[in-house]
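Visitor: Take the given structure of chain X and dock chain E to it, following the hints.
2 protein chains.
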Amino acid sequence: MFSMDILVQKYGGTSVANPERIKNVAQRVVTAKNEGKSVVVVVSAMGDSTDDLIELAAQINGEPPAREMDMLLATGEQVTIALLAMAIKALGHDVVSLTGPQAGILTESFHGKARILDINTKRVMKELEEGKIVVVAGFQGVCREGDITTLGRGGSDTTAVALAAALKGNVCEIYTDVDGVYTTNPRLVPEASKLKAICYEEMLELASLGAQVLHPRSVELGKSYGVEIHVRSSFNYNEGTVVKEGNQLENKELVSGVAYDINVAKIALIEIPDKPGISFKIFQALADESIDVDIIVQSIGRDGRIDISFTLPRTDLRRAFDILQEKVIKQIGGKEVVFDDGVAKLSIVGAGMVSRPGVAAKMFEALAAEDINIEMISTSEIKVSCIIKDTDIEKGVKVVHKYFSLDNK
Amino acid sequence: MFSMDILVQKYGGTSVANPERIKNVAQRVVTAKNEGKSVVVVVSAMGDSTDDLIELAAQINGEPPAREMDMLLATGEQVTIALLAMAIKALGHDVVSLTGPQAGILTESFHGKARILDINTKRVMKELEEGKIVVVAGFQGVCREGDITTLGRGGSDTTAVALAAALKGNVCEIYTDVDGVYTTNPRLVPEASKLKAICYEEMLELASLGAQVLHPRSVELGKSYGVEIHVRSSFNYNEGTVVKEGNQLENKELVSGVAYDINVAKIALIEIPDKPGISFKIFQALADESIDVDIIVQSIGRDGRIDISFTLPRTDLRRAFDILQEKVIKQIGGKEVVFDDGVAKLSIVGAGMVSRPGVAAKMFEALAAEDINIEMISTSEIKVSCIIKDTDIEKGVKVVHKYFSLDNK
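Sequences listed follow chains X and E, in order.
All residue numbers for the first sequence refer to the numbering used here, where the first residue is -18 and numbers rise by one.
All residue numbers for the second sequence refer to the numbering used here, where the first residue is -18 and numbers rise by one.
In case anyone wonders, no lab produced these hints; they're calculated from the structure.
All residues carry an ideal CB built from backbone N, CA and C; glycine is no exception.
Treat each hint with caution, since some may be false.
Said to hold, decoys possible - Straight-line alpha carbon distances no greater than 30 Å define the calculated DSS-like cross-link-like pairs of lysine-lysine that follow:
#, chain 1, residue 1, chain 2, residue 2
1, X, 343, X, 376
2, E, 4, E, 177
3, E, 177, X, 94
4, X, 175, X, 18
5, E, 175, E, 204
6, E, 94, X, 103
7, E, 177, E, 18
8, X, 177, X, 379
9, X, 343, X, 383
10, X, 103, E, 103
11, E, 311, E, 343
12, X, 107, E, 94
13, E, 113, X, 94
14, E, 103, E, 204
15, E, 4, X, 94
16, E, 94, X, 113
17, X, 107, X, 262
18, E, 175, E, 103
19, E, 107, X, 94
20, X, 18, X, 103
21, E, 94, X, 4
22, E, 149, E, 113
23, X, 175, X, 376
24, E, 113, E, 18
25, E, 308, E, 343
What the hints assert, rightly or not - Per label pair, the in silico range of CB-to-CB distance:
#, chain 1, residue 1, chain 2, residue 2, range
26, E, 201, X, 90, 33 to 43 Å
27, E, 16, X, 294, 43 to 53 Å
28, E, 323, X, 29, 13 to 23 Å
29, E, 103, X, 319, 28 to 38 Å
30, E, 89, X, 35, 28 to 38 Å
Said to hold, decoys possible - Chain X is faced by these chain E residues, among others (derived, beta-carbon under 8 Å):
#, residue
31, 38
32, 41
33, 42
34, 52
35, 64
36, 68
37, 71
38, 78
39, 158
40, 340
For reference, chain X alone in the conformation it holds in the complex (with noise of 0.2 Å):
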């Protein structure tokens, strides 16, 4: 076997929402091609394609079984591959579609949300050894059983850092329709400014606070296998962001960047016993509902008695009040529960900021000269994140972003 020089391409929904735009993504690849590189593309389904069959499921059954679903839903990116390697025939390359299955993705047989468990590369491998493109649906596989799986929300992400890594390519280009990956959203903040490059963590931090460029666990793949996974946009040839290794970043920021999320509510259980084990008996009974809690904050104990506050996605909120209300509450006795819907989340994620004091004071400062309150607040190692109302997030995002001289010059 002689050596390659392999790149996995990666093209999103909106790269590839209709003919004309196919065309283009063809035009692409054929150019890394014409560079002497192997190319394997792994494409995700057209527009709104997914949504259109999932609105047809549910005029079929309110509940449709998971597997059926995935047989359903792994057409779109079927079609999307079979359109890109006429696209590319047409301008003169050998190419060849694949299947996540024929491309020997291997998964568990969790339906709609299978984890990738290994990838046999050796038909991708034969293909372009005979110096064909190859073209791979992202998002899908297959399961022992011979079934077809798909991956869950960001799976063709996964499914190209996951052909690198398999392939031992060393770089997976992500194209989205944006530019990269931003110091905050340019929508909100115009003088936002692009990253050329950013680690891992930073990204995984920026990933889970909705900066919904690359889905995490493609982030979390390319940390474990070493795959540098260069975000750029399908629309034009800018350099993007290359998301790496922290250690080989120069010129590190104290932040990289300010997330925020306003899919957020407040929930507080007030004047409950200070005593082991109510906590867990508070978020079991939530986990069991599959709601995921995001900051805890527990206050100082008086009296014997304590207030728990938590935040939580807003789109949960009736949910989860409900089951505390009717049952947590009366089981472990307690004063009342309450609830906010207005609030929001801000963060600010930098992996330079560890082992530097001062950069949550400096946050604080910010958000003090905007008069903005903060209700909760969470730190780990590389963010700090405020809870302060929702109507402030706008104010709160610019005046932080200014405040560590994000601002593009």
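Guide: Here is chain E on its own, set in the frame of chain X:
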């Protein structure tokens, strides 16, 4: 392994064109299951979805590679099997959908027109033995190389009959948008009556003559493996038409049906040399261009010259005429090439006419009674065809239908 009463049902594109109709099909399938049958359901793509995919491909590549076209089109049936499985599950029955490859349908690798080589029924049998209803994607299979293939026009009928044969089922029900096979087109002749039974040979003649109820390949398969094919409507519960062995038929009529085809043109080569090898040169030149010739008539030679005329699909007339005019006639010599694109073919079909003289004469008598001129005649064991003016076809079908006492009483 215990004995099972296996029933294969097939539902065409119009029967599954939208969610409502898919639910209706689910209801029918469940009814058969509740009657104690082990049910395998084969389905086509929804309504016009295959045409939509072809149109999408055309926007990207005027000559899409056949392998990628198969990859694209196979998604149509995959959508239907997932949705139908969801609909059956909603009715409370265990069900599993299988793509052609998953159902073990092994084909040639001749993309777009692959023939079934073998069916590995292991997976289907396993699911049936677990009591599940099995929904299989028609029209598709997998070749030895592991690529997805499609079976070409009428492929879902072929899948269904082949599965019935492989599973040792005795009957295959083909659900369509008509009640069964009629003595002629009921839209043209309101007096047309539905046939209770018809033999494979008659069905083959009717199918190839434009009665597009069943694809000829599925009829051939049924004949080879002794699978009775029950053609019926998915929109009512009427008994349809059973296609089976001729010797099982009672009350055999002389003529079973009157078929016609207006996609017909006639070409004549005038005063060409009357010597060996001339016919070969003419028809090989047409075969090289994949032009199907139907009826051929050669005049009696005079002065070392003959005329040869033949019919062909009207859609191929232009190409055929150009080949003969520009190449063939110059090569073999002859006076001229003339054509007529205003003809049609009218045929009577019936296994009962074997060794019963006078059937053809009665057809000619019927046509003469309406003053219809016959331009060409072709006969086989169970068929008589006449080429007449296409403007006479409606009148011709009606009078022949009446003369053979086929009008519904």
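Visitor: All the hints need checking, so say for each whether the structure fits it.
Guide: Each hint, compared with the structure:
Under the criterion of a C-alpha separation no larger than 30 Å, the hint pairing residue 343 of chain X with residue 376 of chain X is consistent with the structure, at around 16 Å. As the CA atoms of residue 4 of chain E and residue 177 of chain E are separated by approximately 28 Å, the hinted pair is consistent with the 30 Å bound. Taking the CA atoms of residue 177 of chain E and residue 94 of chain X, the gap is about 51 Å. The hint is violated against a cut of 30 Å. Between residue 175 of chain X and residue 18 of chain X, the direct Cα distance comes to roughly 27 Å. Compliance with the 30 Å bound is thereby established for this hinted pair.
Simply put, residue 175 of chain E and residue 204 of chain E have alpha-carbon atoms about 21 Å apart, close enough for the 30 Å limit, and the pair holds. The hinted pair formed by residue 94 of chain E and residue 103 of chain X meets the criterion: a straight-line CA distance of about 28 Å does not exceed 30 Å. A C-alpha spacing of about 23 Å is found between residue 177 of chain E and residue 18 of chain E, which places the hinted pair at or below 30 Å, so the restraint holds. Pair hint residue 177 of chain X plus residue 379 of chain X holds up; C-alpha atoms about 21 Å apart against a cutoff of 30 Å.
At roughly 11 Å between alpha-carbon atoms, residue 343 of chain X and residue 383 of chain X fall within 30 Å of each other, so this suggested pair holds. Between residue 103 of chain X and residue 103 of chain E, the direct Cα distance comes to roughly 26 Å. Compliance with the 30 Å bound is thereby established for this hinted pair. As the CA atoms of residue 311 of chain E and residue 343 of chain E are separated by approximately 42 Å, the hinted pair breaks the 30 Å bound. Restraint check for residue 107 of chain X and residue 94 of chain E: satisfied, since their Cα atoms lie roughly 26 Å apart, inside the 30 Å limit.
Restraint check for residue 113 of chain E and residue 94 of chain X: satisfied, since their Cα atoms lie roughly 24 Å apart, inside the 30 Å limit. Of the supplied pair hints, the one linking residue 103 of chain E and residue 204 of chain E holds, its CA atoms being roughly 24 Å apart against a limit of 30 Å. For the hint linking residue 4 of chain E to residue 94 of chain X, the alpha-carbon distance of about 27 Å falls within 30 Å, and the restraint holds. Our distance criterion of 30 Å between C-alpha atoms is met by residue 94 of chain E and residue 113 of chain X, whose separation comes to about 24 Å.
Among the hinted pairs, residue 107 of chain X with residue 262 of chain X is inconsistent with the structure: their alpha-carbon atoms are about 55 Å apart, more than 30 Å. Proposed proximity of residue 175 of chain E and residue 103 of chain E is contradicted: the alpha carbons are some 38 Å apart, above 30 Å. Of the pairs offered as hints, the one joining residue 107 of chain E and residue 94 of chain X holds, with about 26 Å between alpha carbons and a cut-off of 30 Å not exceeded. Between residue 18 of chain X and residue 103 of chain X, the direct Cα distance comes to roughly 19 Å. Compliance with the 30 Å bound is thereby established for this hinted pair.
The straight-line distance between the Cα atoms of residue 94 of chain E and residue 4 of chain X is roughly 27 Å, inside the 30 Å bound, and the hint therefore holds. Taking the CA atoms of residue 149 of chain E and residue 113 of chain E, the gap is near 18 Å; set against the 30 Å cutoff, the hint holds. Proximity of residue 175 of chain X to residue 376 of chain X is assessed by CA-CA distance (about 20 Å); at most 30 Å being required, the pair is judged to hold. Distance check on the hinted pair: residue 113 of chain E and residue 18 of chain E sit about 11 Å apart at the alpha-carbon level, within 30 Å; holds.
Distance hint between residue 308 of chain E and residue 343 of chain E is unfulfilled; the C-alpha atoms sit about 42 Å from each other, more than 30 Å. Checked against the hint of 33 to 43 Å, the C-beta distance between residue 201 of chain E and residue 90 of chain X comes to roughly 40 Å, which is consistent with it. For the pair residue 16 of chain E and residue 294 of chain X, the supplied restraint of 43 to 53 Å holds, since their beta-carbon distance comes to about 48 Å. Between residue 323 of chain E and residue 29 of chain X the beta carbon distance is about 49 Å. The supplied range of 13 to 23 Å is therefore violated.
At roughly 60 Å, the beta-carbon separation of residue 103 of chain E and residue 319 of chain X lies outside the given 28 to 38 Å, and the hint is violated. Distance hint check: the CB atoms of residue 89 of chain E and residue 35 of chain X are about 36 Å apart, consistent with the given range 28 to 38 Å. A least Cβ separation of about 6 Å between residue 38 of chain E and chain X falls short of the 8 Å threshold, and the interface hint therefore holds. The interface hint given for residue 41 of chain E holds, since its Cβ lies 5 Å from the closest Cβ of chain X, which is under the 8 Å cut-off.
Against a cut-off of 8 Å between C-beta atoms, the interface hint on residue 42 of chain E holds, since the closest Cβ of chain X lies about 4 Å away. Here the hint on residue 52 of chain E is kept, as its CB sits about 4 Å from the closest CB of chain X, short of 8 Å. A cut of 8 Å between beta carbons decides the hint on residue 64 of chain E: the least distance to chain X is about 5 Å, and the hint holds. Below 8 Å, beta-carbon pairs count as interface contacts, and residue 68 of chain E has one with chain X at about 5 Å; its hint therefore holds.
Checking residue 71 of chain E against chain X by beta carbon gives a least distance of about 4 Å; that is within 8 Å, so the hint holds. Hint on residue 78 of chain E holds. Least Cβ distance to chain X is approximately 5 Å, under the 8 Å limit. This hint is violated: residue 158 of chain E has a C-beta 21 Å from the nearest C-beta of chain X, more than the 8 Å allowed. Residue-level restraint check for residue 340 of chain E is violated (minimum Cβ-Cβ distance to chain X is 51 Å; threshold 8 Å).
Hint violations for this structure: numbers 3, 11, 17, 18, 25, 28, 29, 39 and 40, all remaining hints satisfied.
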